[in-house]
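Colleague: Sequence:
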Amino acid sequence: MVKSTRPLISDHDADLLAGALRRRTLMGAAAAAGGVLAMPLSGFAQTAGGGEAEITVDQARTAPIPIIIPDFGGGLGQQIAEVLTNDLNNTGLFKVIPGSSGTGKPDFGTAKGMGAHAQVSGGVTGSGASVRVEMRLWDVLAQQQIQGTAYTTTSANWRRIAHIMGDVIYERMLGEKGYFDTRIAFISRSGPRGHQRTRLAIMDQDGANSRMLSAGNWLTLTPRFSPTKDQIAFLSYANNRPRVYLFDLASGRQRLLGDFQGISFAPHFSPDGHSVVLSVTRNGGSDLFVVDLASGARRQITASGAIDTSPCFSPDGTQIVFNSDRGGSPQLYIMPASGGDAKRISYGQGNYGDPVWSPRGDLIAFTRIAGGTFSLGVMAPDGTGERIMTEGFTVESPSFCPNGRVLAYCRQTRAGAGGAGFNSSIAMVDITGFNDRPLPTPEGASDPTWSPLNG
Numbered sequence: 001m002v003k004s005t006r007p008l009i010s011d012h013d014a015d016l017l018a019g020a021l022r023r024r025t026l027m028g029a030a031a032a033a034g035g036v037l038a039m040p041l042s043g044f045a046q047t048a049g050g051g052e053a054e055i056t057v058d059q060a061r062t063a064p065i066p067i068i069i070p071d072f073g074g075g076l077g078q079q080i081a082e083v084l085t086n087d088l089n090n091t092g093l094f095k096v097i098p099g100s101s102g103t104g105k106p107d108f109g110t111a112k113g114m115g116a117h118a119q120v121s122g123g124v125t126g127s128g129a130s131v132r133v134e135m136r137l138w139d140v141l142a143q144q145q146i147q148g149t150a151y152t153t154t155s156a157n158w159r160r161i162a163h164i165m166g167d168v169i170y171e172r173m174l175g176e177k178g179y180f181d182t183r184i185a186f187i188s189r190s191g192p193r194g195h196q197r198t199r200l201a202i203m204d205q206d207g208a209n210s211r212m213l214s215a216g217n218w219l220t221l222t223p224r225f226s227p228t229k230d231q232i233a234f235l236s237y238a239n240n241r242p243r244v245y246l247f248d249l250a251s252g253r254q255r256l257l258g259d260f261q262g263i264s265f266a267p268h269f270s271p272d273g274h275s276v277v278l279s280v281t282r283n284g285g286s287d288l289f290v291v292d293l294a295s296g297a298r299r300q301i302t303a304s305g306a307i308d309t310s311p312c313f314s315p316d317g318t319q320i321v322f323n324s325d326r327g328g329s330p331q332l333y334i335m336p337a338s339g340g341d342a343k344r345i346s347y348g349q350g351n352y353g354d355p356v357w358s359p360r361g362d363l364i365a366f367t368r369i370a371g372g373t374f375s376l377g378v379m380a381p382d383g384t385g386e387r388i389m390t391e392g393f394t395v396e397s398p399s400f401c402p403n404g405r406v407l408a409y410c411r412q413t414r415a416g417a418g419g420a421g422f423n424s425s426i427a428m429v430d431i432t433g434f435n436d437r438p439l440p441t442p443e444g445a446s447d448p449t450w451s452p453l454n455g
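Counting along the sequence shown from 1, when you hit position 133 you're at 133 in UniProt numbering, and nothing is skipped either side.
Note that these hints are calculated values from the structure, not bench results. Just so it is clear, the structure is predicted and the values come from calculations on it, not from any experiment. Hints may contain errors.
What the hints assert, rightly or not - Only pairs whose alpha carbons sit at most 20 Å apart, straight line, appear in this in silico DMTMM-like list of lysine to aspartate or glutamate:
id, residue 1, residue 2
1, K95, D430
2, K343, D316
3, K177, D362
4, K343, D292
5, K105, D230
6, K229, D316
7, K95, E176
8, K95, E82
9, K95, D71
10, K229, D248
11, K229, E176
12, K177, D58
13, K229, D272
14, K105, D58
15, K177, D316
16, K177, D430
17, K343, D382
18, K343, D362
19, K95, D436
20, K95, D58
21, K112, E176
22, K343, D325
23, K229, D292
Using the sequences and the hints given, assemble the complete structure.
Modeller: Here it is as structure tokens:
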């Protein structure tokens with residue numbers, strides 16, 4: 001059961017909410033840096049579509065792409081190179097080879113002898129108020145440039161420049177949008193297992209620039225990023241009444257989202273960012289409501305008499321996946337976003353929850369409890385092709401990166417006497433189960449939610 005250091009709600013409501021949010025019967029970075037001006041570089045031949053360098057992600061999983069990354073001239077350039085190197089290496093799809101700096105055409109013979117298929121050249125000029133970072137991406141085998149861009153911004157934005165460069169390389173080499181210039185909101189956790197302090201927090205997708213957004217005076221859970229604005233919806237027990245709030249990253253202010261009679265929880269934004277779907281306790285169960293953010297108007301879309309929770313829109317906004325015990329055990333269902341008949345899609349062994357629709361629309365991620373073990377998996381929207389990617393004592397709260405290739409999730413360990421040995425952390429895994437790795441955070445962490453690409 002979710003517990004706080006204060007008495008919060010009635011035992012019945014506490015049991016219901018806890019059952020819908022955590023180890024339950026129903027499983028239910030800093031703000032974007034300032035503007036970066038990008039200008040195309042001319043002077044060398046450049047292919048239109050990536051030329052021979054472009055391969056598929058599946059091929060790169062089997063044989064990571066060897067790519068030379070220079071130090072961009074040392075100093076700030078070296079820092080940019082280190083972030084860029086980590087971004088690419090962390091995907092498991094690239095194998096970075098350190099190289100010397102230089103802005104011109106590389107020695108392709110030397111690069112080929114180093115085993116590289118691609119090479120980056122470039123450098124950093126200026127400092128302080130204005131820096132210029134030049135990057136050229138070369139296909140070593142075809143011996144031609146496939147990208148040339150110069151970025152102008154302040155030196156304080158150097159990390160973001162590195163992430164943007166990584167996204168360019170990812171897209172030109174793999175033919176898909178990257179996801180490095182993004183952030184992850186999460187719940188930061190500290191203190192003993194039974195009395196943890198929980199704070200809303202945010203960081204860059206690589207764990208850098210972490211900062212707290214709330215003071216930790218109240219239990220805080222399940223943040224969800226808006227797809228269109230710098231806003232986060234989350235559950236707070238503020239004033240001993242669990243309800244969903246909106247946090248504005250630009251102003252630091254928060255506001256209540258719908259003053260429902262029951263407990264509101266499990267929020268998720270619509271793809272256009274104009275509304276939020278959430279769960280509200282009613283008559284011993286919970287129903288789903290959609291709240292319009294501009295007018296505050298709310299619309300009930302389920303009335304099953306069961307516990308309906310963890311709703312998530314499809315990318316086109318026409319459907320909602322959620323979990324419900326209306327059939328006797330917690331399972332996944334899909335229904336029209338306007339409400340209506342729901343179709344069950346989960347039929348494996350165990351209890352299903354935490355459904356999240358991929359931005360691509362082709363997969364739904366979920367958690368499952370079976371035989372006392374938590375699993376994180378994906379299935380097609382019609383319920384076919386179920387695959388488990390990772391397992392553990394507790395694995396939950398999946399969130400897709402913007403290109404749908406990677407999931408962030410929470411992994412927790414079993415607690416011993418007095419909470420000894422307990423750990424809550426964030427990890428990332430490819431949708432195939434490849435490259436499962438931890439994400440560094442300053443303290444314990446849970447409930448990750450991935451932002452869209454920074455504007």
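Colleague: Are the hints correct? Go through all of them and say.
Modeller: Verification of the hints:
The hinted pair formed by K95 and D430 meets the criterion: a straight-line CA distance of about 17 Å does not exceed 20 Å. Note on K343 and D316: the hinted pairing holds, with a Cα-Cα distance of about 18 Å set against a maximum of 20 Å. Of the supplied pair hints, the one linking K177 and D362 holds, its CA atoms being roughly 16 Å apart against a limit of 20 Å. Pair hint K343 plus D292 does not hold up; C-alpha atoms about 25 Å apart against a cutoff of 20 Å.
Distance hint between K105 and D230 is unfulfilled; the C-alpha atoms sit about 40 Å from each other, more than 20 Å. For the given pair, K229 sits about 18 Å from D316 by alpha-carbon distance, which is consistent with the 20 Å threshold. Distance check on the hinted pair: K95 and E176 sit about 18 Å apart at the alpha-carbon level, within 20 Å; holds. For a cut-off of 20 Å, the pair hint linking K95 to E82 stands: about 13 Å separates their Cα positions.
The hinted pair formed by K95 and D71 meets the criterion: a straight-line CA distance of about 16 Å does not exceed 20 Å. For the suggested pair K229 and D248, the alpha carbons sit about 9 Å apart, so the restraint of at most 20 Å is met. The suggested pairing of K229 with E176 is violated, with an alpha-carbon distance near 23 Å, which exceeds 20 Å. Simply put, K177 and D58 have alpha-carbon atoms about 15 Å apart, close enough for the 20 Å limit, and the pair holds.
As the CA atoms of K229 and D272 are separated by approximately 10 Å, the hinted pair is consistent with the 20 Å bound. Taking the CA atoms of K105 and D58, the gap is near 30 Å; set against the 20 Å cutoff, the hint is violated. A distance of roughly 19 Å separates the Cα atoms of K177 and D316; the hinted pair therefore holds under the 20 Å criterion. Among the hinted pairs, K177 with D430 is consistent with the structure: their alpha-carbon atoms are about 15 Å apart, no more than 20 Å.
Between K343 and D382, the direct Cα distance comes to roughly 9 Å. Compliance with the 20 Å bound is thereby established for this hinted pair. Of the pairs offered as hints, the one joining K343 and D362 holds, with about 17 Å between alpha carbons and a cut-off of 20 Å not exceeded. Distance restraint check for K95 and D436: the Cα-Cα separation of roughly 17 Å lies within the 20 Å cut-off, and the hinted pair is therefore satisfied. Among the hinted pairs, K95 with D58 is consistent with the structure: their alpha-carbon atoms are about 15 Å apart, no more than 20 Å.
About 25 Å separates the Cα atoms of K112 and E176, which puts this hinted pair outside 20 Å; it is violated. Simply put, K343 and D325 have alpha-carbon atoms about 13 Å apart, close enough for the 20 Å limit, and the pair holds. Between K229 and D292 the alpha-carbon distance is near 15 Å, which keeps this suggested pair within the 20 Å criterion.
Checked against the numbered hints given earlier, the structure breaks hints 4, 5, 11, 14, 21 and satisfies all the rest.
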